[in-house]
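Visitor: Single-letter residue listing:
2 protein chains.
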Amino acid sequence: MTYQLSEGIEILEQTPRTLKSFLGQLSDPWVSNNEGGNSWSPYDIVGHLIHGEKTDWIPRIQIILNDSENKIFTSFDRFAQFENSRGKTLTQLLDEFEDLRIKNLNILRQQNISNAQLQRKGTHPELGEVSLSQLLACWVTHDLAHIAQISRVMAKQYKDEVGPWAAYIPILKK
Amino acid sequence: MTYQLSEGIEILEQTPRTLKSFLGQLSDPWVSNNEGGNSWSPYDIVGHLIHGEKTDWIPRIQIILNDSENKIFTSFDRFAQFENSRGKTLTQLLDEFEDLRIKNLNILRQQNISNAQLQRKGTHPELGEVSLSQLLACWVTHDLAHIAQISRVMAKQYKDEVGPWAAYIPILKK
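The listed protein sequences correspond, in order, to chains H and G. All letters in the first sequence, in the order written, are residues 1 to 174 by the working numbering. All letters in the second sequence, in the order written, are residues 1 to 174 by the working numbering.
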């Protein structure tokens with residue numbers, strides 16, 4: 001698929017309600033357990049998605065579209081959720097993510113981004129020059145990658161419980 | 001986590017509504033595209049989940065719990081969905097899956113499975129002896145693995161669209 005705003009927005013719109021369906025009714029071990037060590041739990045991942053809504057996607061879109069000559073993005077803090085989520089329930093985080101996403105999609109739509117603007121560039125602090133189209137496609141793909149991660153983290157809780165079937169479920173080995 | 005009926009049912013209950021949230025409002029390319037070759041699209045995967053509800057999980061549970069001496073499971077047809085889904089919309093498949101899952105969870109609950117019964121055995125045609133507990137854990141893990149697969153299939157549609165960010169999204173390489 002070639003990136004198109006309307007198709008990309010379809011994915012960005014569904015993520016908050018999908019995460020509520022997926023995680024909203026589960027008991028604590030499903031959402032708090034991780035893959036061991038410093039890996040992330042579903043709870044941590046929702047916090048990470050919130051931090052992206054607050055500090056990453058829209059600010060970077062605005063850096064690309066504004067008139068300033070400085071097109072360098074601020075680095076994204078991949079560990080901010082451990083501080084920001086402290087004391088909050090998963091239900092609170094899921095609501096916060098939904099509110100931020102709705103607000104950010106309204107901002108995105110108000111930009112009325114043209115095809116020409118999709119080719120405008122910004123500078124990622126590590127990756128170098130990237131286009132607005134690539135940033136918007138990355139926002140979509142980032143949601144999907146984290147839904148896949150949440151599914152994998154939960155599947156792995158039963159790694160030893162499925163016995164010989166583990167041979168048929170490649171995700172358990174990742 | 002050690003397999004427990006109530007925690008397992010939490011996952012089995014959410015899958016139909018999560019898939020409706022995830023896929024129900026997407027335009028056709030998201031749900032019809034696959035990873036290339038003979039790989040499966042999200043549409044194919046929902047058909048596969050339906051086939052499992054019809055022919056796999058409950059019949060195997062009943063083989064383990066019934067009084068017959070023959071405990072050998074029937075092989076699961078991993079390609080039945082290509083015939084069974086023909087002519088159906090994704091919305092029809094999502095509704096069919098939800099109806100079957102609700103019905104099957106009612107059957108599961110009516111069995112009032114005891115901890116002793118969880119240790120009873122059946123014979124998988126390829127894997128050999130498996131316990132009811134392993135079968136039930138596999139049902140849960142199978143749902144989660146296919147939600148992860150659906151997310152990956154859709155993420156990969158933008159594999160070339162994210163430009164240099166592909167380096168940060170390992171799922172795109174799978």
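Simulated from the structure, these hints should not be mistaken for lab results. Check the hints yourself; a few may be wrong.
Identical chains blur together in the list; that is why a pair holds if it fits in one copy or across any two.
[Said to hold, decoys possible] Below, a list of computed lysine-lysine pairs in the DSSO-like style, where the Cα atoms sit at most 27 Å apart:
1. LYS173 - LYS159
2. LYS159 - LYS121
3. LYS20 - LYS71
4. LYS121 - LYS54
5. LYS88 - LYS121
Visitor: The structure should be examined with respect to each hint, and the outcome stated for every one.
Guide: Here's how the hints hold up against the structure:
Proximity of LYS173 and LYS159 under a CA criterion of 27 Å is satisfied in both settings, with 9 Å inside one chain copy and 23 Å between copies. In the homo-oligomer, the alpha carbons of LYS159 and LYS121 lie at most 27 Å apart only across protomers (19 Å), although the nearest pairing inside one protomer, at 44 Å, exceeds that limit. For the homomeric pair LYS20 and LYS71, neither the shortest alpha-carbon distance inside one copy (35 Å) nor that between copies (39 Å) is at most 27 Å. Taking the shortest Cα distances, LYS121 and LYS54 sit within 27 Å of each other inside one copy (21 Å), while across copies they are farther apart (51 Å).
Taking the closest pair of Cα atoms, LYS88 and LYS121 never come within 27 Å of each other, the shortest separation being 37 Å inside a single copy and 43 Å across copies.
Violated hints, listed in ascending order, are 3 and 5; each of the other numbered hints is respected by the structure.
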